[in-house]
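Asks: Construct the complete structure from the given sequences, taking the supplied hints into account.
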Amino acid sequence: MIPSFDKVHNRFKLNGISFDRNGLKELAYSFIKEGEPFERVIGNFISDWLDSNDYVLSKTSGSTGKPKTIKIKKQAMVHSAIATGDFFKLKPTDSALSCLPAQAISGRMMLVRAMILGLELDAIKPSKTLDIDQEKRYTFTAFTPMQLANNLDKIKNIKTIIVGGAPVSYSLKENIKDFKVQIFETYGMTETVSHIAVKKLNGFKASKPDAVFKVLPGINISKDDRDCLVIDAPNITSEKVVTNDIVRLTGEGCFEWLGRFDNVINSGGIKLNPEIIESKLQGLISDRFFVSSIPDEELGEKVVLVLENSKVNVDFSVFKVLDKYEAPKEVLAVPKFKETQSGKIQRHKTLELLK
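Under full-length UniProt numbering, the letters of the sequence shown match residues 1 to 355, in that order.
These aren't lab readings, by the way, just hints derived from the structure by calculation. Bear in mind that the values here come from a model prediction, so they are computed numbers and not experimental data. Built from N, CA and C at the ideal position, the CB exists for glycine as well. Do not take every clue at face value.
[What the hints assert, rightly or not] Across the chosen pairs, the derived CB separations fall in these ranges:
(1) I2 <-> K68: 24 to 30 Å
(2) S127 <-> R21: 28 to 34 Å
(3) D225 <-> G283: 30 to 36 Å
(4) Y55 <-> S171: 18 to 24 Å
(5) G283 <-> D48: 40 to 46 Å
(6) I124 <-> A211: 29 to 35 Å
(7) I124 <-> G269: 48 to 54 Å
(8) S310 <-> G253: 43 to 49 Å
(9) G251 <-> F316: 35 to 41 Å
(10) G283 <-> H9: 41 to 47 Å
(11) G283 <-> D262: 25 to 31 Å
(12) I17 <-> R40: 16 to 22 Å
(13) E352 <-> S52: 56 to 62 Å
(14) S317 <-> G251: 35 to 41 Å
[Unchecked claim] Computed list of lysine-lysine pairs in PhoX-like fashion (alpha-carbon distance at most 20 Å, straight line):
(15) K74 <-> K7
(16) K344 <-> K199
(17) K344 <-> K128
(18) K311 <-> K349
(19) K324 <-> K336
(20) K302 <-> K271
(21) K344 <-> K68
(22) K128 <-> K91
(23) K271 <-> K240
(24) K25 <-> K74
(25) K59 <-> K73
(26) K91 <-> K13
(27) K136 <-> K91
(28) K311 <-> K336
(29) K280 <-> K302
(30) K324 <-> K302
(31) K240 <-> K59
(32) K173 <-> K200
(33) K271 <-> K223
(34) K136 <-> K125
Replies: Put into structure tokens, the structure is as follows:
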């Protein structure tokens with residue numbers, strides 16, 4: 001029996017206290033009036049969740065086009081919460097940690113999972129360095145890659161961590177490969193109400209670095225004529241979600257993420273995926289980097305490698321691992337990349353720093 005969005009699980013707790021709908025309304029009011037900034041955001045979302053509408057408004061990140069505000073059905077969020085609960089075998093009274101901002105779908109879904117599945121949720125201030133109670137054991141939480149990278153010394157008492165919002169770097173994958181905590185990379189977006197696919201990053205049965213994503217139950221996938229992923233999730237959205245993510249379908253319900261359609265480089269008539277080039281260079285360049293292009297009279301666009309450094313500091317011999325057309329024609333450097341709040345590199349904004 002699928003619960004309705006207007007019901008709060010009787011085992012749900014927030015910060016150690018049990019709440020029913022009326023109690024949650026009072027808590028939301030208290031957070032909005034007297035809470036810290038992150039608590040006010042939580043209060044606003046809980047207030048919206050408990051109102052008479054069957055939807056909430058949420059801003060997209062731009063995964064399927066320009067960022068916009070969309071209506072998300074509350075029952076779709078319930079279905080998403082149940083799919084995650086089933087996959088990770090979450091049960092009532094399991095402990096969970098919320099450390100993502102509740103403006104984003106990822107932070108909102110931590111609250112919905114707790115209310116629907118009956119989890120005991122602790123909400124702490126979202127930040128780069130987290131104030132995690134080292135004496136408490138948690139069953140489940142969600143981080144951004146930046147949070148995971150900066151809190152590796154604080155996660156020993158967490159059973160399962162999902163990581164999303166930005167790609168997980170090669171160096172971070174290397175750092176976590178021997179950790180006992182189960183860590184999964186997720187794939188999803190606001191339009192799909194959080195993640196629709198996951199892949200394991202570490203442990204005895206860990207996927208290899210180039211492993212595929214496996215979709216959750218009830219999700220069907222295909223490709224359009226651009227080779228971009230199309231998601232059919234009838235319990236979550238009535239329309240198919242057409243993404244700008246180029247993928248390779250590797251089997252039933254499995255796909256390999258290759259890169260963003262809007263990042264594709266057309267150099268002399270040859271189309272190149274910068275993310276594929278980056279994957280070949282992972283582990284060979286010590287600084288953070290990304291591959292992009294700049295205008296060129298002869299080629300139209302020429303491939304460049306951009307380093308996060310005050311100077312160009314790279315051994316060009318590393319490009320031997322690349323095909324002829326993939327090799328960067330120029331290496332550029334900026335002291336600090338432009339990033340989103342979740343730590344995702346903003347390629348075009350970073351390139352503008354070079355003008």
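Asks: Work down the list of hints and note, for each, if the structure agrees.
Replies: Status of the hints after comparison with the structure:
1. I2 <-> K68: 24 to 30 Å: 29 Å, holds
2. S127 <-> R21: 28 to 34 Å: Roughly 30 Å apart at Cβ, these two residues keep to the hinted range, so it holds.
3. D225 <-> G283: 30 to 36 Å: 34 Å, holds
4. Y55 <-> S171: 18 to 24 Å: Violated - the Cβ-Cβ distance for Y55 and S171, about 40 Å, lies outside 18 to 24 Å.
5. G283 <-> D48: 40 to 46 Å: Since G283 and D48 have Cβ atoms about 44 Å apart, the given range 40 to 46 Å holds.
6. I124 <-> A211: 29 to 35 Å: Cβ of I124 to Cβ of A211: about 31 Å, so the range 29 to 35 Å holds.
7. I124 <-> G269: 48 to 54 Å: 52 Å, holds
8. S310 <-> G253: 43 to 49 Å: 45 Å, holds
9. G251 <-> F316: 35 to 41 Å: The hinted range 35 to 41 Å holds for G251 and F316, with Cβ atoms some 38 Å apart.
10. G283 <-> H9: 41 to 47 Å: Holds - the Cβ-Cβ distance for G283 and H9, about 45 Å, lies within 41 to 47 Å.
11. G283 <-> D262: 25 to 31 Å: 26 Å, holds
12. I17 <-> R40: 16 to 22 Å: 18 Å, holds
13. E352 <-> S52: 56 to 62 Å: 45 Å, violated
14. S317 <-> G251: 35 to 41 Å: 37 Å, holds
15. K74 <-> K7: At roughly 11 Å apart (the allowed maximum being 20 Å), K7 and K74 satisfy the hint.
16. K344 <-> K199: 19 Å, holds
17. K344 <-> K128: 13 Å, holds
18. K311 <-> K349: OK: K311 and K349 at ~19 Å, within 20 Å.
19. K324 <-> K336: Roughly 29 Å between the alpha carbons, so the hint for K324 and K336 is violated.
20. K302 <-> K271: With a Cα-Cα distance of about 11 Å, the restraint between K302 and K271 holds, given a limit of 20 Å.
21. K344 <-> K68: 18 Å, holds
22. K128 <-> K91: 29 Å, violated
23. K271 <-> K240: The given pair, whose Cα atoms are some 27 Å apart, is violated under the 20 Å limit.
24. K25 <-> K74: Holds. K25 to K74 sits at ~17 Å (cutoff 20 Å).
25. K59 <-> K73: 14 Å, holds
26. K91 <-> K13: With Cα atoms ~13 Å apart, K91 and K13 stay inside 20 Å; holds.
27. K136 <-> K91: 18 Å, holds
28. K311 <-> K336: 11 Å, holds
29. K280 <-> K302: 18 Å, holds
30. K324 <-> K302: 13 Å, holds
31. K240 <-> K59: Holds. K240 to K59 sits at ~18 Å (cutoff 20 Å).
32. K173 <-> K200: Roughly 10 Å separates the two Cα atoms, so the pair holds.
33. K271 <-> K223: 18 Å, holds
34. K136 <-> K125: 17 Å, holds
Checked against the numbered hints given earlier, the structure breaks hints 4, 13, 19, 22, 23 and satisfies all the rest.
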